[in-house]
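**Student:** Sequence:
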Amino acid sequence: KQPRPVLITLLEPRQAISLKRFLAENDPNAFMSMTDAAEVLGKGFKSWKSL
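Last residue of the sequence shown? That's 51 in our numbering, and every number before it is there in order.
Hints in this document: simulated from the structure, not taken from any laboratory. It is possible that part of the hints are untrue.
[As the list claims (entries may be wrong)] Now the in silico label distances, taken between C-beta atoms and shown as ranges: (1) L23 / K49: 19 to 29 Å; (2) R14 / A38: 13 to 23 Å; (3) Q15 / K43: 13 to 23 Å; (4) A24 / W48: 12 to 22 Å.
The beta carbon of each residue, even a glycine, is placed where N, CA and C say it ideally should be.
Throw the hints in and build the complete structure from the sequences for me.
**Tutor:** Below is the structure:
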């Protein structure tokens, strides 16, 4: 097996739909896993100081 790039990202629901369509049209061999995030911490999200 050849190593493949991995992308880990957080998306809004509409963005996730767009990504699914993009992958279906451009890379039918792609693997995509989706899950809900209970909390997101860090720059641009909830502050670490709020803990």
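**Student:** All the hints need checking, so say for each whether the structure fits it.
**Tutor:** Hints, verified against the model:
no.	hint	in the structure
1	L23 / K49: 19 to 29 Å	37 Å, violated
2	R14 / A38: 13 to 23 Å	20 Å, holds
3	Q15 / K43: 13 to 23 Å	19 Å, holds
4	A24 / W48: 12 to 22 Å	37 Å, violated
Checked against the numbered hints given earlier, this structure breaks hints 1 and 4; the rest are met.
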